[in-house]
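Visitor: These are the residues of each chain, in order.
There are 4 protein chains.
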Amino acid sequence: MFISETQVEVRYAETDAMQVVYHGQYVVWFEIGRTNLIKELGFHYADMEKSGYVSPVIDIQLSYKQPFRYGETATVRTWIQDYTGIRTTYGYEIKNAKGEVCVTGSSVHTVVDKETFRPVKFKKEFPEWHEVYEKEKQSK
Amino acid sequence: MFISETQVEVRYAETDAMQVVYHGQYVVWFEIGRTNLIKELGFHYADMEKSGYVSPVIDIQLSYKQPFRYGETATVRTWIQDYTGIRTTYGYEIKNAKGEVCVTGSSVHTVVDKETFRPVKFKKEFPEWHEVYEKEKQSK
Amino acid sequence: MFISETQVEVRYAETDAMQVVYHGQYVVWFEIGRTNLIKELGFHYADMEKSGYVSPVIDIQLSYKQPFRYGETATVRTWIQDYTGIRTTYGYEIKNAKGEVCVTGSSVHTVVDKETFRPVKFKKEFPEWHEVYEKEKQSK
Amino acid sequence: MFISETQVEVRYAETDAMQVVYHGQYVVWFEIGRTNLIKELGFHYADMEKSGYVSPVIDIQLSYKQPFRYGETATVRTWIQDYTGIRTTYGYEIKNAKGEVCVTGSSVHTVVDKETFRPVKFKKEFPEWHEVYEKEKQSK
Chain A
9 MFISETQVEV RYAETDAMQV VYHGQYVVWF EIGRTNLIKE LGFHYADMEK SGYVSPVIDI
69 QLSYKQPFRY GETATVRTWI QDYTGIRTTY GYEIKNAKGE VCVTGSSVHT VVDKETFRPV
129 KFKKEFPEWH EVYEKEKQSK
Chain B
9 MFISETQVEV RYAETDAMQV VYHGQYVVWF EIGRTNLIKE LGFHYADMEK SGYVSPVIDI
69 QLSYKQPFRY GETATVRTWI QDYTGIRTTY GYEIKNAKGE VCVTGSSVHT VVDKETFRPV
129 KFKKEFPEWH EVYEKEKQSK
Chain C
9 MFISETQVEV RYAETDAMQV VYHGQYVVWF EIGRTNLIKE LGFHYADMEK SGYVSPVIDI
69 QLSYKQPFRY GETATVRTWI QDYTGIRTTY GYEIKNAKGE VCVTGSSVHT VVDKETFRPV
129 KFKKEFPEWH EVYEKEKQSK
Chain D
9 MFISETQVEV RYAETDAMQV VYHGQYVVWF EIGRTNLIKE LGFHYADMEK SGYVSPVIDI
69 QLSYKQPFRY GETATVRTWI QDYTGIRTTY GYEIKNAKGE VCVTGSSVHT VVDKETFRPV
129 KFKKEFPEWH EVYEKEKQSK
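Protein sequences, first through last, are from chains A, B, C and D.
Our numbering numbers the first residue of the first sequence as 9 and each following residue consecutively.
Our numbering numbers the first residue of the second sequence as 9 and each following residue consecutively.
Our numbering numbers the first residue of the third sequence as 9 and each following residue consecutively.
Our numbering numbers the first residue of the fourth sequence as 9 and each following residue consecutively.
Treat the hints with care, as some may be off.
A pair holds if it fits inside one copy or across any two, identical chains being indistinguishable in the list.
[Stated by the list, open to error] Heads up, simulated DSSO-like pairs for lysine-lysine below, C-alpha to C-alpha not over 30 angstroms straight-line:
hint: 1; residue 1: K73; residue 2: K58
hint: 2; residue 1: K103; residue 2: K47
hint: 3; residue 1: K73; residue 2: K47
hint: 4; residue 1: K129; residue 2: K145
hint: 5; residue 1: K132; residue 2: K103
hint: 6; residue 1: K145; residue 2: K47
hint: 7; residue 1: K129; residue 2: K47
hint: 8; residue 1: K143; residue 2: K58
hint: 9; residue 1: K47; residue 2: K132
hint: 10; residue 1: K103; residue 2: K122
hint: 11; residue 1: K103; residue 2: K129
None of these hints come from the bench; they were simulated from the model.
Bound-form chain A, shown alone (with noise of 0.2 angstroms):
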């Protein structure tokens, strides 16, 4: 199974009046970290939305055990969690410089028309895509 790894930098304005990172934020951190490994698997979520479709998030989770600070360097570790030929579920881990695991959690996804919003079969109109996330749910 692929591991994707992703260096974040804390930006200033992630942070909140806690001082850490705001909870919220690191749903963006985990879009980082999915972007890439799409990429890493020889694929451009930017070239799906140009054939007419995008891919919502229909469910996420997120555990925190430990915070971020301003200052400090993450790395979002991105893997496929689970794929089903129409939803792909997506596996998240960051840690910080120390290598503890602050942030867990997962993804849900599938593909819709950019206009209509209806599912597509991601198997039919993305084949390429589909068998190397095939294979990656097999590695498991």
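Given the coordinates of chain A, work out where chains B, C and D should sit on it, guided by the hints.
Guide: Frame of chain A, contents of chains B, C and D only:
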């Protein structure tokens, strides 16, 4: 069981290139709902911070059924879903103007010391607040 | 000259590690003020977008005099500062509950085609809207 | 005069319903450029905060020439535009991959006590930092 209802108008800044509200943004709307629920139950989160404590999220989960677009107004419904004396679970449901449920979710919170981030017993530090949450839990 | 007034409660997500509202966040508050001014003058920005146009910001300026903290409510005052038939300049002033001016600024906008981003003549495409802005300008 | 260059990839969360980067987001990109300029000149903003000071923005100005879209990478160029011993003005220019200038701007900063928000003399509290900024100013 008391359910708080808060109106939220979609801000342009909250939309993304899918031309709907960015999925991470609902974490903020949950927070607005939670703040109002607490206020309507007779307390103020800002007061908790002034007395030296913060209440970080340790777990959050969101499910997306329908998107919101710019120009729409949402109703965020929030309630006490569970309470253990240490951890509080808030439940959320976001409806559009037609009354359709668009987003649901829950978040789990503890109370910790502002400086050390060490957990404190909510029950002991905030006895009146505890009483109200206990009552809410039992009225479910 | 008409001045729109909008109440904005500080959201926790809007604060940063300085424990005040993040300076970039006031751009969003300006937008809320602007949206309401337009509404109170009888128009809807969302309608403009539906008819195929968008109104990007081409210049924005903000001056910070005093910070806002979580728990505070702001009043965003917005007016038409200048209008050329092509460009509209909105003026802003954000006051705290004590009536102190905390943030001031202005933003300049054009109207462009949604797809091509080519400028259109506001006066020609939105004659009624033009009339109102012209009147606002003259009443200064 | 030293000009810092920082690459920034557009995050999906940074786009809005106009399908371009939200105009308020560039305030954050300016901040990323500024943080890197400071680092490359030999200092760390995080260290300033640890020593009891913060450096709020007192004035910011942005001009928009061309939008950025999801999938693009920006180069944020940042330099010391002016320095008085008390106030520092940073200059910014954001270019796209074709080398076109898309956003320009400047921001003015002071240094204040973290708790009281009372201004301190940068020159006195941070003499080495002062020296470098003075030199940058003269090399213009």
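Visitor: At 30 angstroms max between alpha carbons, let me know whether K73 reaches K58 within a copy, between copies, both or neither.
Guide: Classified as between; 24 angstroms across copies, 38 angstroms inside a copy.
Visitor: Should K73 paired with K47 be assigned to within, between, both, or neither, using CA atoms and 30 angstroms as the limit?
Guide: both (28 angstroms within a copy, 27 angstroms between copies)
Visitor: If the cut is 30 angstroms between Cα atoms, do K103 and K129 qualify within a copy, between copies, both or neither?
Guide: between (34 angstroms within a copy, 28 angstroms between copies)
Visitor: One pair to classify: K145 and K47, alpha carbons no more than 30 angstroms apart. Within, between, both, or neither?
Guide: Classified as within; 17 angstroms inside a copy, 42 angstroms across copies.
Visitor: Given a CA cutoff of 30 angstroms, do K47 and K132 count as a within-copy pair, a between-copy pair, both, or neither?
Guide: within (20 angstroms within a copy, 45 angstroms between copies)
Visitor: For the identical chains here, do K129 and K145 meet the 30 angstroms Cα criterion within one copy, between copies, both, or neither?
Guide: within (17 angstroms within a copy, 43 angstroms between copies)
Visitor: How would you label the pair K103, K47 (within, between, both, or neither) given a Cα cut-off of 30 angstroms?
Guide: both (21 angstroms within a copy, 23 angstroms between copies)
Visitor: Reference check for the pair K129 and K47, CA-CA at most 30 angstroms: within, between, both, or neither?
Guide: within (21 angstroms within a copy, 42 angstroms between copies)
Visitor: At most 30 angstroms between C-alpha atoms: does K143 with K58 qualify within a copy, between copies, both, or neither?
Guide: within (25 angstroms within a copy, 43 angstroms between copies)
Visitor: For K103 and K122, with the copy left unspecified, which applies at a CA distance of at most 30 angstroms: within, between, both, or neither?
Guide: Between copies only: 23 angstroms across, 34 angstroms inside.
Visitor: How would you label the pair K132, K103 (within, between, both, or neither) given a Cα cut-off of 30 angstroms?
Guide: Result: close neither inside a copy nor across copies, 36 angstroms intra and 33 angstroms inter.
The structure does not agree with numbered hint 5 stated previously, though it agrees with all others.
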